[in-house]
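A.B. asks: The listed protein sequences correspond, in order, to chains C and E. Note that this note's numbering gives residue 54 to position 54 of the first sequence, counting from 1, and the numbers run on in steps of one. Note that this note's numbering gives residue 108 to position 108 of the second sequence, counting from 1, and the numbers run on in steps of one.
One should not assume that every hint holds.
Claimed, not checked - Computed footprint of chain C on chain E; a stretch qualifies when at least three of its residues, placed anywhere within it, have a C-beta under 8 Å from a C-beta of chain C:
#1 57-71
#2 101-107
#3 110-117
#4 389-402
As the list claims (entries may be wrong) - FRET-style restraints, in silico, Cβ to Cβ:
#5 D21(C) <-> N31(E): 24 to 34 Å
#6 P135(C) <-> L199(E): 57 to 67 Å
#7 F42(E) <-> Q118(C): 31 to 41 Å
#8 L36(C) <-> L199(E): 38 to 48 Å
#9 L36(C) <-> F42(E): 17 to 27 Å
#10 S132(C) <-> F42(E): 23 to 33 Å
#11 A96(C) <-> G124(E): 38 to 48 Å
#12 F42(E) <-> P230(C): 44 to 54 Å
#13 D21(C) <-> L199(E): 29 to 39 Å
#14 L36(C) <-> G124(E): 22 to 32 Å
#15 F42(E) <-> N64(C): 45 to 55 Å
#16 D21(C) <-> L151(E): 26 to 36 Å
To be verified - Simulated crosslink set (DSBU-like; lysine-lysine; CA at most 30 Å straight-line):
#17 K167(C) <-> K130(C)
#18 K24(C) <-> K520(E)
#19 K14(E) <-> K482(E)
#20 K520(E) <-> K554(E)
#21 K520(E) <-> K413(E)
#22 K446(E) <-> K482(E)
#23 K74(C) <-> K24(C)
#24 K24(C) <-> K136(E)
#25 K24(C) <-> K91(E)
No lab work stands behind these hints, which were simulated from the structure alone. No experiment lies behind these values; they were computed from the predicted model shown. Here a beta-carbon is modelled for each residue, glycine too, at the ideal position from N, C-alpha and C.
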Amino acid sequence: MARLLPVDAENVDTKNPAPDDRLKGWLLVAVVTWFLLVAVGLGSLLIYANQPGRGGEPAATWPNATEMRYSRSKPTLLVFAHPRCPCTRATIDELAWIMTRCGNRVECRVHFVQPAGQSRQWVQSGMWEKASSIPDVTALADGEGQLAELFGAETSGHAMLYDAFGKLLFEGGITPSRGHRGSNSGRERIVKLAIARQPGRPLSDIDQVDSTEEVDAESTCVFGCPLFSPQQRPATENLHAFWDR
Amino acid sequence: MSSTVETSKGTRVKQLFDQQQQSVWRWTDRNFGFLMVFQFLFGVFAAFTISPVTWRGEIPETHIHVWAALLLGGLITSLPLFLAFAYPGRKFTRHIIAIGQMLMGALLIHLMGGRIETHFHIFGSLAFLAFYRDWKVLITGTLVVAADHFLRGIFWPRSVFGITWEEPFRWLEHVAWVLFEDLFLLVSIHQGVRQSWTLAQRQNDLEVAKSVVESERDLFFDLSVDMLCVANVEGHFVNVNPMFSVKLGYETKELLQQPAIDFVHLDDQAAAEDAFRELQRGHDLIDFEARCRCRDGQFLWLSWSARTPSEDGLIYAVARDVTNRKREALALEEAKKSAEQSRATAEEANRAKSDFLANMSHEIRTPMNAVLGLTELVLETDLTTSQRDYLSTVLESGEALMTIINEILDFSKIEAGKIELEFAPFELREVVGDMMRSLAVRAHRKNLELAWHAETEVPQYIIGDAVRLRQILVNLAGNAIKFTTQGEVILEIQCTSNDGKHVELGFRIRDTGIGIPENKLKAIFEKFEQADQSTTRRFGGTGLGLAIASRLGKLMGGQIEVESKLGEGTNFFFNLQFEIAPTPEKSVAQKDVRLIDGLTALIVDDNATNRLILQDLTSLWRMRPVMAESGKQALKLLEEKSLPDQKPIVVLTDVHMPEMDGFMLAEQIRKHATTNEIVIITLTSGGYIGSAKQPETLGISAELLKPVKQSELLDSILQAVKPLAIESNTKTSQTTSTNSPISDSIAAMKILLVEDGLVNQKLALAMLGKWGHDVTVAENGKVAVELWESNSFDLILMDLQMPVMDGLTATKVIRSLERERGGHIPIIAMTAHALKGDRERCIAAGMDDYLSKPVRKQTLTDVIQSVVGGITGPAANERDQHSN
Numbered sequence: 001m002a003r004l005l006p007v008d009a010e011n012v013d014t015k016n017p018a019p020d021d022r023l024k025g026w027l028l029v030a031v032v033t034w035f036l037l038v039a040v041g042l043g044s045l046l047i048y049a050n051q052p053g054r055g056g057e058p059a060a061t062w063p064n065a066t067e068m069r070y071s072r073s074k075p076t077l078l079v080f081a082h083p084r085c086p087c088t089r090a091t092i093d094e095l096a097w098i099m100t101r102c103g104n105r106v107e108c109r110v111h112f113v114q115p116a117g118q119s120r121q122w123v124q125s126g127m128w129e130k131a132s133s134i135p136d137v138t139a140l141a142d143g144e145g146q147l148a149e150l151f152g153a154e155t156s157g158h159a160m161l162y163d164a165f166g167k168l169l170f171e172g173g174i175t176p177s178r179g180h181r182g183s184n185s186g187r188e189r190i191v192k193l194a195i196a197r198q199p200g201r202p203l204s205d206i207d208q209v210d211s212t213e214e215v216d217a218e219s220t221c222v223f224g225c226p227l228f229s230p231q232q233r234p235a236t237e238n239l240h241a242f243w244d245r
Numbered sequence: 001m002s003s004t005v006e007t008s009k010g011t012r013v014k015q016l017f018d019q020q021q022q023s024v025w026r027w028t029d030r031n032f033g034f035l036m037v038f039q040f041l042f043g044v045f046a047a048f049t050i051s052p053v054t055w056r057g058e059i060p061e062t063h064i065h066v067w068a069a070l071l072l073g074g075l076i077t078s079l080p081l082f083l084a085f086a087y088p089g090r091k092f093t094r095h096i097i098a099i100g101q102m103l104m105g106a107l108l109i110h111l112m113g114g115r116i117e118t119h120f121h122i123f124g125s126l127a128f129l130a131f132y133r134d135w136k137v138l139i140t141g142t143l144v145v146a147a148d149h150f151l152r153g154i155f156w157p158r159s160v161f162g163i164t165w166e167e168p169f170r171w172l173e174h175v176a177w178v179l180f181e182d183l184f185l186l187v188s189i190h191q192g193v194r195q196s197w198t199l200a201q202r203q204n205d206l207e208v209a210k211s212v213v214e215s216e217r218d219l220f221f222d223l224s225v226d227m228l229c230v231a232n233v234e235g236h237f238v239n240v241n242p243m244f245s246v247k248l249g250y251e252t253k254e255l256l257q258q259p260a261i262d263f264v265h266l267d268d269q270a271a272a273e274d275a276f277r278e279l280q281r282g283h284d285l286i287d288f289e290a291r292c293r294c295r296d297g298q299f300l301w302l303s304w305s306a307r308t309p310s311e312d313g314l315i316y317a318v319a320r321d322v323t324n325r326k327r328e329a330l331a332l333e334e335a336k337k338s339a340e341q342s343r344a345t346a347e348e349a350n351r352a353k354s355d356f357l358a359n360m361s362h363e364i365r366t367p368m369n370a371v372l373g374l375t376e377l378v379l380e381t382d383l384t385t386s387q388r389d390y391l392s393t394v395l396e397s398g399e400a401l402m403t404i405i406n407e408i409l410d411f412s413k414i415e416a417g418k419i420e421l422e423f424a425p426f427e428l429r430e431v432v433g434d435m436m437r438s439l440a441v442r443a444h445r446k447n448l449e450l451a452w453h454a455e456t457e458v459p460q461y462i463i464g465d466a467v468r469l470r471q472i473l474v475n476l477a478g479n480a481i482k483f484t485t486q487g488e489v490i491l492e493i494q495c496t497s498n499d500g501k502h503v504e505l506g507f508r509i510r511d512t513g514i515g516i517p518e519n520k521l522k523a524i525f526e527k528f529e530q531a532d533q534s535t536t537r538r539f540g541g542t543g544l545g546l547a548i549a550s551r552l553g554k555l556m557g558g559q560i561e562v563e564s565k566l567g568e569g570t571n572f573f574f575n576l577q578f579e580i581a582p583t584p585e586k587s588v589a590q591k592d593v594r595l596i597d598g599l600t601a602l603i604v605d606d607n608a609t610n611r612l613i614l615q616d617l618t619s620l621w622r623m624r625p626v627m628a629e630s631g632k633q634a635l636k637l638l639e640e641k642s643l644p645d646q647k648p649i650v651v652l653t654d655v656h657m658p659e660m661d662g663f664m665l666a667e668q669i670r671k672h673a674t675t676n677e678i679v680i681i682t683l684t685s686g687g688y689i690g691s692a693k694q695p696e697t698l699g700i701s702a703e704l705l706k707p708v709k710q711s712e713l714l715d716s717i718l719q720a721v722k723p724l725a726i727e728s729n730t731k732t733s734q735t736t737s738t739n740s741p742i743s744d745s746i747a748a749m750k751i752l753l754v755e756d757g758l759v760n761q762k763l764a765l766a767m768l769g770k771w772g773h774d775v776t777v778a779e780n781g782k783v784a785v786e787l788w789e790s791n792s793f794d795l796i797l798m799d800l801q802m803p804v805m806d807g808l809t810a811t812k813v814i815r816s817l818e819r820e821r822g823g824h825i826p827i828i829a830m831t832a833h834a835l836k837g838d839r840e841r842c843i844a845a846g847m848d849d850y851l852s853k854p855v856r857k858q859t860l861t862d863v864i865q866s867v868v869g870g871i872t873g874p875a876a877n878e879r880d881q882h883s884n
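Generate the whole structure from the sequences, applying the supplied hints.
C.D. replies: See below:
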């Protein structure tokens, strides 16, 4: 065909030509710059994700100022959440993980803070629906954050576990970082405590089960949005910065 | 040399492999480019969907994920995307893409909140990176994952492991799973690379084979004596082989520069454009012929064949120079035209010749009619011996002249191919008998024994042209008589084959004549040839007789051959095939032959051939033939009473015998009465008929002219043996007399003679008046019609060529009037024309029969008798009554 056709249809040499030194240099600079920028970006994102919210001052015993009662037969798990916080989705997912393991051995309530002036619909977001759909979990609205304030919760996703005697067993977050799902010490601790603190079971079982845990097993960082704006922050402000922990 | 080839082959395979790899790399780069754009958009979408804002109480703020998706995602995507499209196929491009892809995985996992499903992005990305078929890229990607996990494990263990304390080797577990996938991907890459090598090897083999084929094809393209070309659909030559330049004289460049149609003859351009359109419509072009212009201004006829355009819009065509064939065809056409003209000229000449012959025939026959007719009439008057002798010579000379004219006309017709055979059933023995009888006078005049004999196996009735067979036999037998001075002329007919439907008959005419020299045996069948010139002077004749017989024989499917010995005689013989005709129910020979069954036939003849012939004939009729060579032997046989008693004996005796002739034998038989009834039949030549002693006085039952016809002899025997059983008006007369009036059987009639020639009028009036007919003469057809309308006639004798109104027209007028008025008057044509078609024209015009001039007494009588019969015409009766 080559002879019959005038068009030169010879194969083009597609062998990769070696880039010249100028190009090599330019590329090297570009790649290094690009890599550094990406590393900075990813590092910043990691820093943000691992920055916990305010821990607040959770009540060591069930406050008497509230009409809401704890369960006398099994541990009571309270989770205070901002109904619109995207990071709290991870907390709800982890709560589902916890409830899958604990079942009805724990009484769980999720209190969604309803700021003053916000409607009920604002509170009953997709997250409310999701929390309600978890078996043995009750979603409740916390008008003006009174309960959160009463129990000392300031960051969305703050979980508190009280035993059948109203004593605080655990408080803190149940996600590994902000908005991230996955294995974390908070959820593991709650499951162990809930199972161990069944009525009639000696307290020493807990130590036997979790003998390796350290001190902060009773408390973890909470990753989420603040439940209150600075103007709404309670008078009994007791803030702890991340670096204070 | 071999190693060089191998090296070259290896290099080419490597080159092909590299091309394939390059192609794969480029393709994968581009697709990664698209994928990264998609991932970037997906990240943005996920950020806006999942975490568009973050909250401080009830105060929303833009979530950092949104900025991360836009800025960090855009940053990660930018460099790989740029390289994928700016530097596709490069090594650093695919490595940067690998790094970018894995970083994008980390970002997406983060943006999706660390959902476990998002981690599959890592494995999917590694699988996609395996598309590069470059294990190093896979390692790069894996290293990024490992580094990410390693660093996170060190600095932010919680982001990887969910716990705040460090697990030094857990990151290795993550990397191990990645390596687990890498293991299979590396195997896959290895197989892919190996297949690429195989593919490259095969492609190289194909290229080698293709190269060989293409070089051969190019060779044929260059060597072809036909004109091969490639053209595009716009009608331009794209490439032409060298033969184009050789034939048309243009350089290849010139041919490629102009539209192909420019080289076509102006008169052929429309047809060429139509053909080109048909080609574009999908119809192959086959043998389309058009003239193409050469550089020198000449035109070549080219025959084009082409295939419809290929997928790449090219038309492959071949043209063949057919100029010579065209020229030959043109020359052939002209030759045909010329031949046609020549044929027309020849036909015209032939027609002129035929006209000439017709005119000659007419012009000669008209005066000969008068010469012969009037001479015959004068010979019937009282004349002196010398006058009779002179006039007899005149009559013989006239007849000889007519024979010559007839032969010339016949030969002309044969030569012109105008002889057409007629196939009709006829009785062979009757035809041959009549023919031989016509020659008897000539033979007997020379004291020759003329005899014929047909084997009993020869069928009685056959289908063929009796007239032409008779003509052949007359020519051969007449020729034999002419050249025989003493002895005999014998015709023998044998049956050589018979399959029930067809029969092949062998005819043999042998004589005891002067013979023919061997070197002249072939020449005698040529026209105007005789054995030597002295023969012509001695025996006369045109030399056409044998030529005519030979050609007629060929026409009938036979070949006349000759054997001869000088001084001893000649044999002519030929075979002809005939279809056997069924025997008519009313056959005298079949019907009455029982009457003579078992009778003794005493055959007396000094000629052995004649005895044999009579023996065969009588045996055929179941008679008991007894032979005697002389009268004395016959008498002796009768006296010995060796013959059966009380049964009639039929004596068949020749008249002309030495010592005791037939009459003397008859006289002796009658003197010696026996107990048997003896029937005597004599066989005689013409000279002895009407001898001194009357047959009646000798008790001779019948006197037959030799050579005797079978039917004639049978009828005579039957009539003699049982007279009462035979019909009185049998065709055969009891005695044959040449002096009996020819027209005795025709009653007097009133005849209208239509003839413009005074001499012919005079002759016809003399003949017809002498026979007692009342003849009225009309000088042309118009007068004849008028006379026919105003008078009553029994017969019209009508000439054809006449002034005012010719005979054919007059006949048509009479027949037309008869259709209105009723009735039918017999009309006999008399014409000097003797060419084929005259008879048919006469019959078509309504005539009853046809006479060719010169009109002879016997012929005229026969024709009149056949047309009107022997009864007295009513018109004549009416006349007689008036006269009474």
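A.B. asks: Each hint should be assessed against the structure and marked as holding or not.
C.D. replies: Here is how each hint holds up against the structure:
no., hint, in the structure
1, 57-71, "holds (count 9)"
2, 101-107, "holds (count 3)"
3, 110-117, "holds (count 5)"
4, 389-402, "violated (count 0)"
5, D21(C) <-> N31(E): 24 to 34 Å, "30 Å, holds"
6, P135(C) <-> L199(E): 57 to 67 Å, "59 Å, holds"
7, F42(E) <-> Q118(C): 31 to 41 Å, "32 Å, holds"
8, L36(C) <-> L199(E): 38 to 48 Å, "42 Å, holds"
9, L36(C) <-> F42(E): 17 to 27 Å, "25 Å, holds"
10, S132(C) <-> F42(E): 23 to 33 Å, "30 Å, holds"
11, A96(C) <-> G124(E): 38 to 48 Å, "26 Å, violated"
12, F42(E) <-> P230(C): 44 to 54 Å, "35 Å, violated"
13, D21(C) <-> L199(E): 29 to 39 Å, "35 Å, holds"
14, L36(C) <-> G124(E): 22 to 32 Å, "27 Å, holds"
15, F42(E) <-> N64(C): 45 to 55 Å, "51 Å, holds"
16, D21(C) <-> L151(E): 26 to 36 Å, "32 Å, holds"
17, K167(C) <-> K130(C), "28 Å, holds"
18, K24(C) <-> K520(E), "119 Å, violated"
19, K14(E) <-> K482(E), "111 Å, violated"
20, K520(E) <-> K554(E), "20 Å, holds"
21, K520(E) <-> K413(E), "26 Å, holds"
22, K446(E) <-> K482(E), "9 Å, holds"
23, K74(C) <-> K24(C), "68 Å, violated"
24, K24(C) <-> K136(E), "19 Å, holds"
25, K24(C) <-> K91(E), "12 Å, holds"
Consistency with the previously given hints fails for numbers 4, 11, 12, 18, 19, 23, ordered from lowest to highest.
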